[in-house]
Amino acid sequence: MRTNYRVNAGVRFEVFSRDQLEELFNGVLHVMDKIGLDVHHEEARNILADAGAHVEDKRVRIPTHLVKRALATAPRSFTIYARDGNPAHDIQIGPGRAHFGPGPTPPNFIDVETLERRPYVRDDARIVATVVDALPNIDFCESLGTISDVPTDLAAAYEFATMFPRTTKPIVAWSFGWDDSNDIHQIAITEAGGQEAFERRPNYIHYCEPLSPLVSTFEAVDKVIFAARHAVPVIFTTCALAGGTAPVTPAGIIIQTTAESFMGLVLSQIIRPGLPFFTGGVLSVMDMSAMILSYGAPELSLMMAGVTELAHYCGLPLWQTGGCTDSKCLDEQASLEGSLSVFFSALSGGDLCHDVGYTESGMTGSILQTVMMDDAIGYSRRITRGIEVTPDTLAVDVIRDVGPDGHYLYHDHTMQHFKTEFWYPNLCDRHNYEEWAAEGKQTMRARVIDRTREILATHNPSPVRPETAEAITAIMAAAENRVKNKP
Amino acid sequence: MSEILKRMSSAVIQGQRDDTRQMARDAIEGGCSAEEVLYQGLMPGMDHVSGEFKAGRMFVPEVMRSARAMLNAMEVIKPIMVKNGIRMAGKVVLGTVQGDLHDIGKNLVGMMCEGAGFEIHDLGADVAPGQFVEAVKAFQPDIVGMSALLTTTMRAMEGTVQALVEAGVRDRVKVMIGGAPVTQAFADRIGVDGYAPDAAAAADKAKHLIAASR
Amino acid sequence: MSQTLEQITTGVIEGNIQGIRQLIQKALEEGLKAEEILQNGLIVGMNEVGKRFKVAQMFIPEVLRAAKTMHAGQELLHPLVTDARAVRVGTIVIGTVQGDMHDIGKNLVGMMCEGAGFEVIDLGFDLSPETFTEAIKVHQPDIVGMSALLTTTMRSMGHTLKAITEAGLREKVKVMVGGAPVDAEFAARIGADGYGHNAVVGAELARKLVEAA
Numbered sequence: 001m002r003t004n005y006r007v008n009a010g011v012r013f014e015v016f017s018r019d020q021l022e023e024l025f026n027g028v029l030h031v032m033d034k035i036g037l038d039v040h041h042e043e044a045r046n047i048l049a050d051a052g053a054h055v056e057d058k059r060v061r062i063p064t065h066l067v068k069r070a071l072a073t074a075p076r077s078f079t080i081y082a083r084d085g086n087p088a089h090d091i092q093i094g095p096g097r098a099h100f101g102p103g104p105t106p107p108n109f110i111d112v113e114t115l116e117r118r119p120y121v122r123d124d125a126r127i128v129a130t131v132v133d134a135l136p137n138i139d140f141c142e143s144l145g146t147i148s149d150v151p152t153d154l155a156a157a158y159e160f161a162t163m164f165p166r167t168t169k170p171i172v173a174w175s176f177g178w179d180d181s182n183d184i185h186q187i188a189i190t191e192a193g194g195q196e197a198f199e200r201r202p203n204y205i206h207y208c209e210p211l212s213p214l215v216s217t218f219e220a221v222d223k224v225i226f227a228a229r230h231a232v233p234v235i236f237t238t239c240a241l242a243g244g245t246a247p248v249t250p251a252g253i254i255i256q257t258t259a260e261s262f263m264g265l266v267l268s269q270i271i272r273p274g275l276p277f278f279t280g281g282v283l284s285v286m287d288m289s290a291m292i293l294s295y296g297a298p299e300l301s302l303m304m305a306g307v308t309e310l311a312h313y314c315g316l317p318l319w320q321t322g323g324c325t326d327s328k329c330l331d332e333q334a335s336l337e338g339s340l341s342v343f344f345s346a347l348s349g350g351d352l353c354h355d356v357g358y359t360e361s362g363m364t365g366s367i368l369q370t371v372m373m374d375d376a377i378g379y380s381r382r383i384t385r386g387i388e389v390t391p392d393t394l395a396v397d398v399i400r401d402v403g404p405d406g407h408y409l410y411h412d413h414t415m416q417h418f419k420t421e422f423w424y425p426n427l428c429d430r431h432n433y434e435e436w437a438a439e440g441k442q443t444m445r446a447r448v449i450d451r452t453r454e455i456l457a458t459h460n461p462s463p464v465r466p467e468t469a470e471a472i473t474a475i476m477a478a479a480e481n482r483v484k485n486k487p
Numbered sequence: 001m002s003e004i005l006k007r008m009s010s011a012v013i014q015g016q017r018d019d020t021r022q023m024a025r026d027a028i029e030g031g032c033s034a035e036e037v038l039y040q041g042l043m044p045g046m047d048h049v050s051g052e053f054k055a056g057r058m059f060v061p062e063v064m065r066s067a068r069a070m071l072n073a074m075e076v077i078k079p080i081m082v083k084n085g086i087r088m089a090g091k092v093v094l095g096t097v098q099g100d101l102h103d104i105g106k107n108l109v110g111m112m113c114e115g116a117g118f119e120i121h122d123l124g125a126d127v128a129p130g131q132f133v134e135a136v137k138a139f140q141p142d143i144v145g146m147s148a149l150l151t152t153t154m155r156a157m158e159g160t161v162q163a164l165v166e167a168g169v170r171d172r173v174k175v176m177i178g179g180a181p182v183t184q185a186f187a188d189r190i191g192v193d194g195y196a197p198d199a200a201a202a203a204d205k206a207k208h209l210i211a212a213s214r
Numbered sequence: 001m002s003q004t005l006e007q008i009t010t011g012v013i014e015g016n017i018q019g020i021r022q023l024i025q026k027a028l029e030e031g032l033k034a035e036e037i038l039q040n041g042l043i044v045g046m047n048e049v050g051k052r053f054k055v056a057q058m059f060i061p062e063v064l065r066a067a068k069t070m071h072a073g074q075e076l077l078h079p080l081v082t083d084a085r086a087v088r089v090g091t092i093v094i095g096t097v098q099g100d101m102h103d104i105g106k107n108l109v110g111m112m113c114e115g116a117g118f119e120v121i122d123l124g125f126d127l128s129p130e131t132f133t134e135a136i137k138v139h140q141p142d143i144v145g146m147s148a149l150l151t152t153t154m155r156s157m158g159h160t161l162k163a164i165t166e167a168g169l170r171e172k173v174k175v176m177v178g179g180a181p182v183d184a185e186f187a188a189r190i191g192a193d194g195y196g197h198n199a200v201v202g203a204e205l206a207r208k209l210v211e212a213a
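Residue numbers (my numbering), protein chains in the order written: chain F, 1 to 487; chain P, 1 to 214; chain E, 1 to 213.
Chain F on its own, in the form it takes in the complex (with noise of 0.2 angstroms):
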């Protein structure tokens, strides 16, 4: 019998030791109590100055104890849920738990028939949705951009409006502000029931981004306000330039970042103790030639993999970025750079890994791309899945089965593990020569694109409820009226 067995705790990427963890700890407390970030939004102040918070003009220093508060009311571990009940697309955060998808707002995409780069509209949006729902291994969806035809102050209700019937994955959904994103909420709580049936079981989250450095916009904190009273789960990230708008060093802008998305923390906690809080940011180095924010540097891997660690030290969720690329097309760079910011992702262990599909440093959204990174997922999960020991696996007596000469290929054993220990990719060719001669020699970018269009052509997801079908269609109406009349 095994006693006092110990077990490695898994396949991880961890780049900081405790002590180091406890300094970059102490320096966000140290950013948020003795320099504090502005807050460009009255009511927010009110509520963090009556929780305890110190508040001169627009500057907010929130006090250690404060943070500390919200850190222990903030979950670890809760469940996003599919909105038709199935739960192989239900999110379970939690540790050790790694999702992918794809990310928010690019002005482009590239076309899936004509492969040329183009303004993104709101078919796309169906088109991504489509594709998402039936990748193996994306878990939620978001939109990979921003739909130029419909009128501006709607493009991000029209998103969710076409993204939700198109995919039981849960959503990541932006908007403006309160108006759009109360569209956005009414649409999923009449899927799920209502107010009080979406509560037990959500069935999206929100996303905010407010402005490096320390400056908490009026839209990011309203949007977080808006989705604390409506118990939205909700992430709250900059997006940070190292160099630019954070300090160029790894550890600085982890300790800056954190720091931003804290305040959101502080303040979600305060309105609604326990609403699940993901924590950012998308942290990347600004390219001192090309004057970018880089999608497929190193340091971006390497800065997320130690802000990971430091939510993770906090018992916080984070929102990872992975599967993106500074490459313009779908080439051997944008696999490169894509495949290796996956698999670092997923050996750090981010909870929503996002931005897989971005190209262009982020400009051009692009489906083929998140469709080549599904298999650079699967390959990487399998490997953070890692060695299991047991007497079993162990096989010793399966080799004294088989002996010197013979061969496995019939063996009980082979048969029991050979689907589950062997990881079968959907894109990357195995064929000999000859078979991948005879099929027109196709590449890699030729597998991509054909699996595309045969899931666009063949997948059919699950559909909303008839009544989530009407509600959709009445919302938009009120929402098209409402920006009409508007000055």
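Hints in this document: simulated from the structure, not taken from any laboratory.
Quick caveat: nothing in here was measured; it's all calculated off a predicted structure.
Certain hints may be false.
SDA-like cross-link-like pairs, simulated, lysine to any residue; straight-line CA separation at most 20 angstroms [to be verified]:
1. K328/F / P181/E
2. K54/E / M288/F
3. K54/P / Y433/F
Some chain F residues close to chain E (C-beta under 8 angstroms, calculated; not the full set) [stated by the list, open to error]:
4. T105
5. P107
6. T146
7. T152
8. L154
9. F176
10. G244
11. T245
12. T249
13. M291
14. M444
15. L456
16. N460
Idealized CB from N, CA, C, for every residue including glycine.
Based on the hints, put chains P and E in the right spot on chain F.
Below, chains P and E without anything else, positioned relative to chain F:
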């Protein structure tokens, strides 16, 4: 009657090796001919397996298990077929060539060919040209299959073909080769009748060679 | 050529803000004219910086420091030159448009334009169209530069241009736009005079627009 043959097909597909033997006995007792059992029960199942394997929906260990299920049933019907003078799909002599001890590929081909209804004489690994010649004389096969994993042992295939020619038995058999470094171009160069890139393709190739020669 | 001028050129390239004033003082004491110091010292240095940036031998933080050094030198020479336009090539009003608080890109353009010899009036961020029209009336700039980081705030650039036209000021200024989601096609569609895909190009474009006017 067709009910039991259908169940036999699905037992082959699912690799229920113990069931197929009993099913074959039941079928014969129930009045089926051995040929019906083979061509309407076992072979349709194995054809399905082969198709699923090519489509990537079944995997080697599962195909092996199906082939074994078929063989178990074959043990029941083979003596009857022999007694009635019914020919099998054909006879294959198999071996890994001289200097090469790798035989998992050759074993796979053997099992796939058995699944396709062939009678197999497996000579093992490190088989000298003379042993191939002797086996051709002794077993009178339709096909000789040679395997090699190494570029360094591939040459032995050419030597074996020459030995068959010199012994005057080359015209009596079709020769097939396979193994990781082997290509169609190599097969053409050394003058053999067929080449297959994997075990499933090898069984198909064997069937084609027989069909073409009959 | 004077050793001091060479030192001034090097001072700009190295971004030696403290040293540049002393070097210019020394050059003046040696009897060099302000125009010579500018043309053969500072501008030579800044041109070299531009070249090195384009081949990735210099990076943004170094370029900005050089621009700041250049600007410090220009300020010192400004009262001494006979043709003020030799030093001050023009005036530019810049700002991030309404609804957008991202200003690092706009700040970069401002610093690069200062380095290129512009007087830069930075209005800040989240600016209403009226703030831009008022600034044009007050500062009489040659160029107005607008920045936006978000796809959702880009449209404010169109609104601002419309306001400038309605206020009867469109003929008086050139309008430049920039920011991550902005491209040349968008600039043309809203009727701007130019688009720069980064701060260095933005400053070069500003010079071209002034020279063409």
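Consistency of the hints with the structure:
no.: 1; hint: K328/F / P181/E; in the structure: 15 angstroms, holds
no.: 2; hint: K54/E / M288/F; in the structure: 11 angstroms, holds
no.: 3; hint: K54/P / Y433/F; in the structure: 15 angstroms, holds
no.: 4; hint: T105; in the structure: 6 angstroms, holds
no.: 5; hint: P107; in the structure: 4 angstroms, holds
no.: 6; hint: T146; in the structure: 4 angstroms, holds
no.: 7; hint: T152; in the structure: 6 angstroms, holds
no.: 8; hint: L154; in the structure: 11 angstroms, violated
no.: 9; hint: F176; in the structure: 7 angstroms, holds
no.: 10; hint: G244; in the structure: 5 angstroms, holds
no.: 11; hint: T245; in the structure: 6 angstroms, holds
no.: 12; hint: T249; in the structure: 14 angstroms, violated
no.: 13; hint: M291; in the structure: 4 angstroms, holds
no.: 14; hint: M444; in the structure: 29 angstroms, violated
no.: 15; hint: L456; in the structure: 25 angstroms, violated
no.: 16; hint: N460; in the structure: 31 angstroms, violated
The structure is inconsistent with the numbered hints 8, 12, 14, 15 and 16, although it conforms to all the rest.
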